[in-house]
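*Asks:* Sequence:
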Amino acid sequence: MRSEATRLIYAQAGYRISPRARVVVDAFNLFDAAASDIDYFYTSRLRGEPAGGIEDVHAHPALPRTVRVSLQLSF
566 MRSEATRLIY
576 AQAGYRISPR
586 ARVVVDAFNL
596 FDAAASDIDY
606 FYTSRLRGEP
616 AGGIEDVHAH
626 PALPRTVRVS
636 LQLSF
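All residue numbers for the sequence shown refer to our numbering, where the first residue is 566 and numbers rise by one.
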C-alpha cells in the first residue's frame with residue numbers, strides 16, 4: 566500500500582532581543598492544505614464490524630494553518 570505524497574509549507578522567523586533571548590514565530594501549513602501527516606494500513610475492528618476486522622487506511626491529519634509564537638532562552 567502506498568499513500569499519496571504530502572506537500573506542506575512551513576516558515577520560521579526569529580528576532581534576537583538579547584544575547585540569550587530570542588522571539589520566534591513559526592507558521593505551519595501556510596496554504597492550509599487538507600492532507601495527512603502520515604497514513605497507516607492495518608486491520609481494525611469497531612463495534613458491529615466482523616470479528617476479523619476490516620483492513621483499511623487510517624490517517625493522521627495535518628495541522629490546519631497554525632501560527633505559534635515562542636520565547637527561546639539560552640542558559
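For the record, the hints were derived by calculation from the structure and aren't laboratory data.
Owing to the predicted nature of the structure, the values given are computational and were not obtained by experimental measurement.
Just so it is clear, CB atoms sit at the ideal spot from N, CA and C, and this is done for glycine as well.
Treat the hints with caution; some may be incorrect.
Unchecked claim - Distance ranges between label pairs, derived from CB positions:
id : residue 1 : residue 2 : range
1  : Ala586    : Phe606    : 40 to 50 Å
2  : Ala586    : Val622    : 41 to 51 Å
3  : Ala598    : Glu620    : 38 to 48 Å
4  : Leu636    : Thr608    : 42 to 52 Å
5  : Ala578    : Arg612    : 14 to 24 Å
6  : Ala570    : Val590    : 35 to 45 Å
7  : Ile582    : Gly613    : 55 to 65 Å
8  : Arg610    : Val590    : 13 to 23 Å
9  : Val622    : Ala578    : 44 to 54 Å
10 : Glu614    : Leu636    : 41 to 51 Å
*Asks:* Each of the hints needs a verdict: does it hold here or not?
*Replies:* Hint check results:
1. Ala586 / Phe606: 40 to 50 Å: With Cβ atoms ~45 Å apart, the hint holds.
2. Ala586 / Val622: 41 to 51 Å: holds, 44 Å
3. Ala598 / Glu620: 38 to 48 Å: violated, 27 Å
4. Leu636 / Thr608: 42 to 52 Å: holds, 45 Å
5. Ala578 / Arg612: 14 to 24 Å: Between Ala578 and Arg612, where Cβ atoms are some 48 Å apart, the hint is violated.
6. Ala570 / Val590: 35 to 45 Å: For Val590 against Ala570, whose Cβ atoms are near 27 Å apart, the range 35 to 45 Å is violated.
7. Ile582 / Gly613: 55 to 65 Å: 57 Å Cβ-Cβ, so the 55 to 65 Å window holds.
8. Arg610 / Val590: 13 to 23 Å: violated, 44 Å
9. Val622 / Ala578: 44 to 54 Å: violated, 36 Å
10. Glu614 / Leu636: 41 to 51 Å: Given range 41 to 51 Å: holds, Cβ gap about 48 Å.
Against the hints set out earlier in the document, violations occur for numbers 3, 5, 6, 8, 9.
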